[in-house]
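Residue numbers (the working numbering), protein chains in the order written: chain A, -19 to 140; chain B, -7 to 703.
Take the hints with a grain of salt, since some may be wrong.
Cross-link-like lysine-lysine pairs, in silico, DSSO-like; alpha carbons within 30 Å at most [unchecked claim]:
#1 K277(B) to K341(B)
#2 K341(B) to K272(B)
#3 K63(A) to K536(B)
#4 K552(B) to K341(B)
#5 K341(B) to K119(B)
#6 K63(A) to K387(B)
Computed from the model, here is a short list of chain B residues facing chain A with C-beta under 10 Å [said to hold, decoys possible]:
#7 S351
#8 P393
#9 F405
Here chain A is said to cover these stretches of chain B; the calculated rule only asks that three of the stretch's residues, wherever they fall, bring their Cβ under 8 Å from a Cβ of chain A [as the list claims (entries may be wrong)]:
#10 235 to 247
#11 363 to 375
#12 382 to 391
These aren't lab readings, by the way, just hints derived from the structure by calculation. For each residue, glycine too, the CB sits at the ideal point set by N, CA and C.
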Amino acid sequence: MLKRAALKRLAQSALLVLVAVTMLGAGTPDTRFDQLGHKLMCTCGCAELLLECNHVGCPDSPGLIAQLHTQVDSGASDSTIFKYFAAQYGPTVLAAPLRGGFDDVAWIVPFALLILGLAGIVLLLRYWRARHLRLAPSAPAPPPTDPALRDRIRDETHYE
Amino acid sequence: MSHPMPTFGELSLLLALALCVYTFFSGTLALWAMAYNRPLAVAPDRLRETSRRAGLASFIAVACAAFALIWAAFTNDFSVDYILHHSNRALAGGYKFASLWSGQEGSLLLWAFLLSGYGFVLRLRHKGDITLTAYASTILSAIQIFFLLLLVIAAPPFAFVPGGVAPADGFGLNPLLQYPEMAIHPPMLYLGYVGFSVPFAFALGALMMRYPGEKWIHITRRWTMVTWLFLTVGIMLGMHWAYAVLGWGGYWGWDPVENASLMPWLAGTAFLHSVMMQEKRGMMKRWNVWLIFITFMLTILGTLLTRSGLVSSVHAFAQSSIGDWFVSFLVLTLVVCLFTFFRQYDHLKTENHFEALGSRESSFLFNNLILLLACFTVLWGTLFPVLSEYWDGTKTTVNAPFYNRVMPPIGLFLIFLTGVGPLLAWRSTSFRAVRRNFIAPCIAILVTATVLILSGLHPWADTDPTGSIYSLVCFSLGAGVIAAIAAEFLRGAGVVRTQTGKNLLSAAVLLTRRNTRRYGGYIIHFGIVIMFIGLAGAAFNQSKEMEMGFGDSIQVGGYKVICQSFSQDSTPEYDTDFALLDVFHNGTKITRLTPERRIYFPDTDHAQASTVVAIHSTLAADLYVVFEGRNADSGRPIIKVFVNPLVNWIWAGVGIVILGTLIALVPPLLPVSRRVEVLTPAPSRSSGSDTVLPLAAKVGAQLAAPEAPHA
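Here chain B stands alone, though its shape is the one from the complex:
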């Protein structure tokens, strides 16, 4: 029996591997010859160009392999073992597409595809800096080789079923993954993971070639931000999927797979902040290089942790044999990074020094400390079971109770810094500026705390006050940060309004367009605070579980849920149990909810249950209802009702973060030199820049000089 598409897919992977090997070796040879002026049979720049073109072609080859796997899914080619285990004939088209990333081999193919996609864009946009891009392309091809070797040798996605005879139907896609967000969440997450390869490649390349200046940071800034955005969206979609599908009432379970996505996000966030010091002051070069190295290595480490079986996880591909590959790759990466770093150590000399504790620079240092501490704590908790087993031979569990105790103080410190950092000036902040900038946030904190306490938030009355104390502090600090951000916008918009005569809103929009990066950053901070407020709402979660017959009711947190009916149904894909529940709030019927419990593949030996949670969502709280099953004796449904306050704030916060990131990615309206001109007439009204703006005023005329446009 012939299998043209799987064979085509296999050949495509082999071709991609060959092309990447060529890209790596020809690129390395060309760059070596150019760096040391060594003669070659072919002109080095021509060799470099062939390397780039081979890299471009590798994308097409990997795309063909991905296409072949999707084709196999859509044509129900169950001779392919992967398709047999992750698809079936009844599966809807969209989910057949999603089967590409629903298992180990397919998700690695997706990783290789996205990596080659990023490489394709990078190699296409090589004219910005041909040599630096050549270094980055060569490094990226080395990463590509690793993943392609993995696909060709250790986890082949086109392997045929044992015996070679295709069964009539497949086992189907895990029902938990048959949810629209699941079709988007993994690609987004992988775009985030994989994307950090690009700034890593640029950083390592810039270090290898002793790249002068900080231009590589400007080149990679957008790459890093886009990658960070994808990772943020991916994590958020995962949270929402867990909340809406898994039916345990929460959105974050501190599972190692979740932790693996959070760690590079935290390290990447630290890098995005810290790199500003290098751009503006030529400081922290060694630190920044290591931050991006660490971020990349954390994406690999996370994958190692979750796919090697080293730590146990509720996720699908926790047990596999590819751990050794990732360990080898991680060690090799670390060795290369260390070697390059120490070889080029003198190139990373700082150009400026810290001048004051009360400065933007120091706030970035504290910010980095907290973000990396959060990252380390997540890694520590994830690895502690392994350490414990090594230490005394017994494996422990590190789950939510550990993180819920350790992470909130770190998070609160982070919110505090989110408010304080932007109010401090570069180099040094005067006491007068501190006093002026901090008045509004401090008032907001005090007023919020007082109002919350007066309206009934009394931590001291709780048996375990930890959660409500953290929440009170979080809400109050959050209000302070929002006040600080609002004050920044108002100050800036006031200056623009004075200059342009526009109304305040238009002035704020113009202000944002003039400096998208700064004000986009403020919007991101605002979104993060909104998210934290939503997270803090978890301290007030309530739940009740009950076996419900006709007319029975549950009362939770101001809601009354009455069971009107319960029944069963059957579809070609699943059998379902469901209940019809009327929901009353303050005596008024507000909605009817229908929680379900489905049994997929009911007549097979791989039957699998899945909950369909019913949620009534408002800005204040979610009423979250789960059909847990039927009592085997009475036949009546067991219903669990949760009231989860402020959950929508989390999703809204992420939306605001996305908006802020998109704004920060837009080029500013006016060149910098023009903006300096704009600012100079009113230096005293700008935030915390007492030391900088008078200097700007003195040299304003020079900076605006037409013969020296700013690059």
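The shape of chain A in the complex, shown without the other chains:
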């Protein structure tokens, strides 16, 4: 009972840390500009992030950067800014799927698979272990004189 309560507390703490990690983030305009500039793409065709496009004379990035400054200074939220850019330049201007809807699937699937995979392995191991115990002979193992058994033991004690 105590064990279950401790586990529950542990899970709650882990969840709290996870939420704290993912939810923290509001900062100064400069920091926000830098963060948002790394979540937008340059539209000149260089396939670089907006603030990493290093073309001098790039026809697109100065305009985009100026618009980003304006948006950040206006105090708009991140999602409003992303929506603004997506409306202006199409969804490919966002460096990650950030529009909501089907875009959320991109973020959920890897973590869902991780959880499913971990749970699957634990269940599989428990099933295999139960089967192993069920199939295990009740009589003591024969002495290791059989050549096949000797080979098996040799394999199992091969310490690589």
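With chain A fixed as given, assemble chain B onto it according to the hints.
Okay, now just chain B, sitting in the frame of chain A:
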């Protein structure tokens, strides 16, 4: 006008294709006749031998074709369209050689050449197991046929320029590729990609012939490790090239071409781990077969993704018409794999079962889950734009922000498993062993976290703490893994020292030589941890950009950069802008850097800019300076300065991984039976092997019996 060498190259490719077709059909016929005892006009074993020899000859034919293309580059034969577009007269000799793989057709020819090279070695070393090698050779010839058909029909490297009149000079090699690492990176990467064909061919062949036992794994282990090593080196060289040449301050941009190389690496790493369960316990046979199938198919899928134009990439040959070929080949491969798998399903029955959750076997399962999840996530991110377009008609972009958010937790889990896995015993680990083996790593984790926090790493003080939290966890876990590895070495070396009287260092060397695979593996793990520490340093990157006149300075991360001068120069190949910058650290001048921006082919309609980054590198951080260009009005240079902590740890980590892999490839000093003898006197001091070593002690005398030497 006659063109003897291009014609010779074309004919060589046709001859290679004919030889591979013969290898495939004669090999298939011979193996079918032998498997079902069917009579043939020619004795099946003789037919099989002619198939092998045709396969050997195909290598010479493809080598001739590759030679013809290089010859055309060196003799400036611009009548060949490929040479016209990837070389010019002023190009240095080394880069003319590199033009072989700088474009679509040439790189496919390199692929075919390396594949035939691997096939050549495989067919030469056929005596280890003639029938299995014959199966592998026949399967490999089928892959060769695909690439040769591609070269003959869809992407001919010897096609002449339209009109047939050779221009006076070529367009030259992409200046971004004119960098020494670029001369090595593609061949290394391709050696990795192509090399996975060999374990794939052996696995499929072993399954087709219902090969008894696990010997095929022993045969292919070295092939797989060498291939994995090439791929690792290829990826690392690509990262270093991107860092030193592209001038955006990073080394990994999550571009689809980069992702295409990472996916087979991850799947291949999973296979290298998982296959140990089959070798030692006869388990996971079906899983392992699929892992190697998937790894091979990922090399093809990656090529399909990046060469078909399906996803957009910053790399050169993203748009082409060969996608349908790769789709067909991929589907055909999948069908063959599925058919063979289900036909021979009963042959892959497991010999043992899992006994405990706390066992080496279960750690391998978790390791496989994480590696494959990482692989899937990369594939998912790469393909998501296509899925999104299919779903709602709008194409999205999946770039660094997605991967930087999703991949770090997966990577941290992997480091955790890197530390835990080797501490668990095969079959089952007792609580006492867990307690004993985990004390040092746990202390190392806690001490590192405490020291880092006390020395100023405070994630909670950051506006976006995600990166610094991940880094704190990565550094701490890394310390734990290093402690676990060190403890393993110390335990083993202590036993050897007791037995031999050598000092600890010599004992550790002897220990490694006695079991190169195990301790080489630990060194690889150590290298991976060092790499991860380097990657985690990216959370603390800083940068500043400024237009700099004489005497202007930028202050970033403890460095002060002062502009002393800026100027222009011109060479026959390029025009260059550069700045002379003095670098000060803690008030002392430490170096002078000269970042450049070059314009290649300046007076042509295909002028191309290239940065030459100036880097001052230390173990703590890189000062990375880029000449971004000149302000058109003031004429003054725009300089961007990055301070990138711990980047050198990445390169050092890869170096350690290479060293560990080479050690793991060396045969061990003593046979296994002798080593079991050595271990039996001190079972309690060996790592986590409580359940195994007492058993070894009981049967030690039997195992060491001279009449039964271990194979």
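If you draw a straight line from the CA of K341(B) to the CA of K119(B), is it 30 Å or shorter? Between K341(B) and K119(B) the Cα gap is close to 28 Å, so the pair holds against 30 Å.
Proposed proximity, K387(B) with K63(A) (alpha carbon, max 30 Å): 15 Å, holds
Against the 30 Å threshold, does the CA-CA distance of K341(B) and K272(B) hold or violate the hint? Roughly 15 Å separates the two Cα atoms, so the pair holds.
Would the hint linking K63(A) and K536(B) be met if the CA-CA limit is 30 Å? 28 Å, holds
Are K552(B) and K341(B) close enough, with their CA atoms no more than 30 Å apart? 65 Å, violated
Per the coverage rule (Cβ-Cβ under 8 Å, at least three residues), is the region 382 to 391 of chain B covered by chain A? holds (count 8)
Cut-off 8 Å, C-beta pairs, minimum 3 residues; does the coverage of the region 235 to 247 of chain B by chain A stand? holds (count 6)
Proposed proximity, K341(B) with K277(B) (alpha carbon, max 30 Å): 7 Å, holds
Does F405(B) meet its interface restraint, that is, does its C-beta lie within less than 10 Å of any C-beta in chain A? 8 Å, holds
Verdict on chain A covering the region 363 to 375 of chain B, criterion of 3 CB contacts below 8 Å: Holds: 5 residues of the region 363 to 375 of chain B have a Cβ under 8 Å from chain A.
When the least beta-carbon distance from P393(B) to chain A is tested against 10 Å, hint result: Holds: closest Cβ of chain A sits about 4 Å from P393(B), inside 10 Å.
Satisfaction of the S351(B) interface hint, Cβ to chain A closer than 10 Å: 9 Å, holds
Checked against the numbered hints given earlier, the structure breaks only hint 4 and satisfies all the rest.
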